[in-house]
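Chains as they are written, first to last, in this note's numbering: chain D, 273 to 728; chain Y, 273 to 728.
It cannot be assumed that every hint is accurate.
Copies of the same chain look alike in the list, so a pair counts if it fits in one copy or across any two.
Claimed, not checked - DMTMM-like, lysine to aspartate or glutamate: derived pairs with alpha carbons at most 20 Å apart:
{"hint": "1", "residue 1": "LYS370", "residue 2": "GLU345"}
{"hint": "2", "residue 1": "LYS562", "residue 2": "ASP296"}
{"hint": "3", "residue 1": "LYS706", "residue 2": "GLU330"}
{"hint": "4", "residue 1": "LYS596", "residue 2": "ASP275"}
{"hint": "5", "residue 1": "LYS278", "residue 2": "GLU345"}
{"hint": "6", "residue 1": "LYS706", "residue 2": "GLU448"}
{"hint": "7", "residue 1": "LYS363", "residue 2": "GLU345"}
{"hint": "8", "residue 1": "LYS278", "residue 2": "GLU448"}
The set of hints was computed from the structure by calculation and includes no laboratory data.
There are 2 protein chains.
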Amino acid sequence: MTDRIKYQLDESRMPTSWYNIAADLPVPLPPPLHPGTLQPLGPSDLAPLFPNAIIEQEMSTERWIDIPEPVREVLCQWRPSPLFRARRLEKLLDTPAKIYYKYEGVSPAGSHKPNSAVPQAWYNAQEGVKRLTTETGAGQWGSSLSYAGGLFGLDVTIFQVRVSYDQKPYRRALMETWGGRCVASPSNETEYGRAVLAQYPDHIGSLGIAISEAVEVAAKNDDTKYALGSVLNHVLLHQTIVGEEAITQLEMAGDDPDVVIGCTGGGSNFAGIAFPFIGLQLRGGANARKRRIVAVEPSACPSLSRGQYAYDFGDTGRMTPLVKMHTLGSEFTPPGLHAGGLRYHGMAPLVSHVKELGLIEARNYHQTACFEAGVMFARSEGIVPAPESNHAVRAAIDEALRCKAEGKSETILFCLSGHGHFDMSAYTNYLSGKLVDQDYDEKELAMALSGLPKVG
Amino acid sequence: MTDRIKYQLDESRMPTSWYNIAADLPVPLPPPLHPGTLQPLGPSDLAPLFPNAIIEQEMSTERWIDIPEPVREVLCQWRPSPLFRARRLEKLLDTPAKIYYKYEGVSPAGSHKPNSAVPQAWYNAQEGVKRLTTETGAGQWGSSLSYAGGLFGLDVTIFQVRVSYDQKPYRRALMETWGGRCVASPSNETEYGRAVLAQYPDHIGSLGIAISEAVEVAAKNDDTKYALGSVLNHVLLHQTIVGEEAITQLEMAGDDPDVVIGCTGGGSNFAGIAFPFIGLQLRGGANARKRRIVAVEPSACPSLSRGQYAYDFGDTGRMTPLVKMHTLGSEFTPPGLHAGGLRYHGMAPLVSHVKELGLIEARNYHQTACFEAGVMFARSEGIVPAPESNHAVRAAIDEALRCKAEGKSETILFCLSGHGHFDMSAYTNYLSGKLVDQDYDEKELAMALSGLPKVG
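With the rest of the complex left out, here is chain D (with noise of 0.2 Å):
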């Protein structure tokens, strides 16, 4: 076949170690505080939460970080993902741009999320951990997490957000299918939740939210530990693989991207597919060259634009760390846009750190945008992506219509980061003229970024 459209790597070619941005970056990142103290954290206050491996790589500066064995074998059943030229969709925007596309929705739970959720189970079920903690937005993370925490004899509680939880039965059926125990959030399980529903019976959630119950049942249980879906470190070094693949496939395909884009709600996913190009550009050498790296947040909660850069809680209750980030205040909750994956009012420090830095570039749109573009998408490639990554493929069709309009013929490479067969019902919404574009509210920006905490 002449036109070549899959770039698929044979699996002795999976990569063999997580790329860890710390060791390459000019300015280390500001380390994360102990919310009583405002000292910077050590090892031992993160113990209560995540098994010891899983700190280690949070803290770690080592540049290439070894994928256990057990993972590989686990991840192999769907890795190295495939990596596609989109030529249905250049014909159809008739572009002279060439369009790459990363495709993660093919694991079992049909996105990224697995990448880091089968090594946290692995980690804490090697070190005799029996129950796991953790939050979810649309649901992605929580299904990946009761996926692999089933695959190592591990239980699995997820605190889904109320929203999503109304929103994506079928989300919920996938993660009871596997094995884990949904409760949408806030529970009447957790005295954080029992506080928030005592104020607002009818609260739709957040991440935030979520989160604070997670952690609360993890601290409060000895055989219990808390797993996070994206935001801290160790969770992008396990999505570096998307990105470490994804280089090697263009290299197979005599290509290399001007623009590498990515959807980012904490960042996992972005970091996934970017880090690994930063860290060409970081280290030297023959790749060195400055591509663009944008990152694509929904405009009804755009942390990277419109957040301020300072220490912030990761969760509504003000049990986590204080990690510098762009947040939107911790008490900020975003509209229940469908792209749930995206609904959160911070930004990984990573993502943040390298924003300061000037490496990467941030935009944000509204959903009924992102809906149209997913619908062009599904009608020239076929798959039909999830909201969240809906946001990568509206960035991709803009950068591909400048080129159009410039005469260019740049190459430009997106993270398809998950497929969208659990969020039908926002298709079904925005093929019928439903679907509305929302705004958060100025007023709870502005009091939420006022609510930040007072450090240095």
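Add chain Y to chain D, keeping to what the hints say.
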């Protein structure tokens, strides 16, 4: 990695032709008959419904039929599909058997159906057809044709069995996202549909009725043809790419199946995995040993196990040609079970024929036993199977347990024809104990069989 679980062929090894079992049958297939004259059908009788290239394939006895290059270019997005060794399931069952599964859920529509939807859409587009009509049960076929039609600029109208239309709104959303138009059947859009509704306003529908509606619209409109997702020879032909790949992949693995298993509704999935193996046997030579080939159907709709081998109509409205097949009678309405893709009164003539020739065996299961198997599979192998595929999973597990009881290390291959992402409400029902086994009505079956057309 020592314990290999994935056998992925490079796209350069994707088959270049389909295997036509008609070339190797020891006894020729009884011909389809014209419903009026009861004489064998000529190509011109099919011309109102199908393009010439499809009619040629339907009647061909050539052993190998080339897959057109533009069709291969679409298929190679997800083909060759992976073959997996189910090592975690083997361990769970503690069986000495080796279990392999060929996974067809990697297509954009999530099942094997696009293997035929893509060539059918392409052949129609080549011959100037503007619109396709079809029927669909669970929606696997309708969504696949919607996807494939869109790629080649065809309008697609899908008559979906009412019970599935109501049970699976997300499948409909998928069809609409790809641009297809979905109509609940029986509908008011056809004479036949109106006649059924006049008699039974609350009819839950059946594939037989939906076929009548789709055929009627195609027959009455010059620019419109009909596309069938199973049963006919050319559809089974297109699916043989599955078994052809599996043969090569098992060679890679150094294995040869003792048992080959596929679920069967109309028969296309079963034929896809089975016919290439039956062909090895029929053609003789080094690979000619007799393997057990097992067709699995629902107890609620057991055409192979309980039907008569007789000439019957493919549809309830008696508009189609008469074909010789195992049938429960075209008036038979199967219970509204969750494996909507298996709710068909008949069986592919080619599958029925090889059953009569003693080349395959048949068995049937109730749906709760199938969902039990599906959940075991999901919790070990990760992938959540479609309800139809759960029938094959059940049979594979039972064969593996038989091997355990007998202390035999046989090799079992089954086709995992699709994922269950659009069927999660069925899993919710199963997990909450609400799923019940349904039986057909013996009296209704007797009546439907007594109504079989009198031929020869």
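Cross-check of the supplied hints:
Taking identical chains as interchangeable, the C-alpha atoms of LYS370 and GLU345 lie at most 20 Å apart only when they sit on different chains, with a minimum of 18 Å there against 33 Å within one chain. For a Cα distance limit of 20 Å, the shortest separation of LYS562 from ASP296 inside one copy, 15 Å, qualifies, whereas the shortest one across copies, 61 Å, does not. In this assembly of identical chains, LYS706 and GLU330 lie within 20 Å of each other by CA distance neither inside one copy nor across copies; the values are 43 Å within and 44 Å between. Within a single copy, LYS596 and ASP275 get their C-alpha atoms no closer than 46 Å, and across copies no closer than 43 Å, so neither meets the 20 Å cut-off.
With identical chains, the CA atoms of LYS278 and GLU345 are at most 20 Å apart between copies only, with a shortest distance of 10 Å across copies and 23 Å within one. In the homo-oligomer, the alpha carbons of LYS706 and GLU448 lie at most 20 Å apart only across protomers (15 Å), although the nearest pairing inside one protomer, at 30 Å, exceeds that limit. Only between protomers do LYS363 and GLU345 lie at most 20 Å apart by alpha-carbon distance; the minimum there is 15 Å, versus 38 Å within a single protomer. In this assembly of identical chains, the alpha carbons of LYS278 and GLU448 never lie at most 20 Å apart, being 34 Å within a copy and 26 Å across copies at closest.
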